[in-house]
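Asker: Here is what each chain is made of, one letter per residue.
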Amino acid sequence: MPSLMDRFTDFRVLLVEDDPQSMNLIRSMLNDLGIYQVHTASNGLKAKNFLEDEETKDVVNVMICDWNMPLISGIDLLRLVRESRPDMPFLMITGQADEESVKEARTAGVTGYIRKPFTVDDLRKKLGIVQSVLSLRSPAEPRANAG
Amino acid sequence: MALEALELAFEIGRFVFMFGIVIFVGWIGWSRQLLNNWAWRYSILAFLLLLFGASVDVIDDHQTTRAFFGWTGSTINLMIESAGYLSGFAFMFLAAWRWLPHSDTLKREKQLAESARTAAEQQRDVLRKQLAQAQKMEAIGALTGGIAHDFNNLLMVIDGYARRATDNIGKQTVVVESLQQVLGATKRAGALTKQLLVFSRRQAMEKKVARVADLIASVHGLLAQATGERINLLLEIEDGASCIETDNNEFSQTLLNLTINARDAMPGNGTITIASRLTKGSDGKGDVVEISVTDTGAGMDEATVERIFEPFFTTKERGKGTGLGLASVYGFMQASGGDIRVQSKPGSGTIMSLLFPVSERPLTEAPTETRTNARGGGETILLAEDNEPVLKLIHEALTDLGYQVLSAPSGFEALERETSWDGAIDLLLTDVVMPGLSGIEVAQVVRARRPKAKIIFMSGYTDEAKKTGQMPCGATFLQKPIDMKRLAEVIRDQLDQSEMSEAS
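One line per chain: the protein sequences are A and B, in this order. According to the numbering used here, the first sequence is numbered sequentially starting from 90. According to the numbering used here, the second sequence is numbered sequentially starting from 68.
Please keep in mind that the hints were generated in silico from the structure rather than gathered at the bench. One should not assume that every hint holds.
As the list claims (entries may be wrong) - Derived CB-CB ranges, DEER-like:
#, chain 1, residue 1, chain 2, residue 2, range
1, A, 188, B, 195, 24 to 30 Å
2, B, 226, A, 147, 53 to 59 Å
3, A, 98, B, 487, 22 to 28 Å
Given the structure is predicted, the values throughout are model-derived calculations rather than measurements. By construction, the Cβ of each residue, glycine as well, lies at the ideal position given by its N, Cα and C atoms.
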């Protein structure tokens, strides 16, 4: 489906990941999907500042975040984000997926999970769902032709 | 000489007069703190010049002045006098400026009064809310005595029979019988919470258009049962053909409440008359149906009549009435857009009249008989519910009924299942409030992708869904707690509807 490629051009992603190698990998995956507006933060604090800074706070419309990070973990960041942005799509990357922590994240209002290891195709599916929700929320934005 | 002395005296008098005015104006200026005002400064300057001029006039003779300035004495006099007049005008003007009500000042005073009134009104609203809150708290206090008592009884029944079933797990008849008791108690508890919800008006009414005669007939058996044998129950249906728009269950409950009150007002024998007639509304506009419940009982005094609709007001013995009956009747009539009237005097019985506006809308079809076979035929249901025990319960129940169930513990996961599911999805059954994606968002996405899928929402409250106004059209709403039998029927209904609409 070649049209899939144009679907994600509206996405402006904030990618929060402490491991530089993983970050580069995910960034290149996002690029493969046609998402070039990828902002990165190497820890939760930087992400928080990015979202609170007057200049950059409205830049992104989707967050992808690693669960396991030093200092501020993914779920801490999720809770912080939910205080000010209850609707911001927030995808959590999880390595370990024990039921308890999944439940915890669900209660905190996570939008969805991406389980490690994942492929571009997995990412495309998840973002496709986010896209369909986003386009419903703001029908004024140009809606892509879904398949 | 005499003339000169007179002139001198005259000049001195003028000097004193002018000086007095300067002092006066200065005093007023200071006292009003208007010296900052340029007009005051200029007028005082003018007086000082005048004073100076007057002094010159007094010390010098006219000839010196004339030689010095080249002016005549009369010119100087004229200047001095004009300055005096001008100062006088300036003074009057300023006085008028200061003391006459200014349009700005008037406006400001009006604004002040306005804001004072708004503040007072706000305070009144706050006080009203506090009063309502206080009454609510009082009501909650009373609730512990009334409803909690009933709940404890039900809990005891549930607990007791569950234990009995556990102890006799081998004996099938005992287990089945006990479980039936448990189910009965759960149902009664559900009815109790429903009554409370209606009282607090948080549950949506399912309004339907129905004929008055049908409504009364449907509840007649229940009423006869409630009144017992010692009381005559008469029906006087003068107008039964008119239609009103109401919730059937709530209507039955209301009529039952009124009938029970009538019964309790007649300790011995008596007659209860339930009548319906067509009349004009209180404002003379539009037809209303009046449904009245008349008893031949003790009646009430005025003080009692005034309070009967208050929540938890009851004249019955402690433990016999919750005081919620008439309060919920009142709530129901408010929600129906109707009115309620009371006529009562001690010793001459009571007439309670319910006034419903006549509905011009077409009759809502009578609900079909409970289907015995509300089973699935392999249809696929997408189920989203964040409460895992509930999710599991519904999943199992629907699987048992013969449906293919795709269940997900969150909105996003439901959409993931939907995306990866290649087959058809016939129905979406979703909770409304879930963290992350709400059930409404899930429904909108599913509706956009699979327009044929039916949608059923489940929620404890309907308020939040109605508030957003985003419920996709044609969606059905189920109130929690959900009876599995009812769920099965509603699902079957929805699926059959789609078949019918496809056939037509």
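Asker: Which hint numbers doesn't this structure obey?
Answerer: 1
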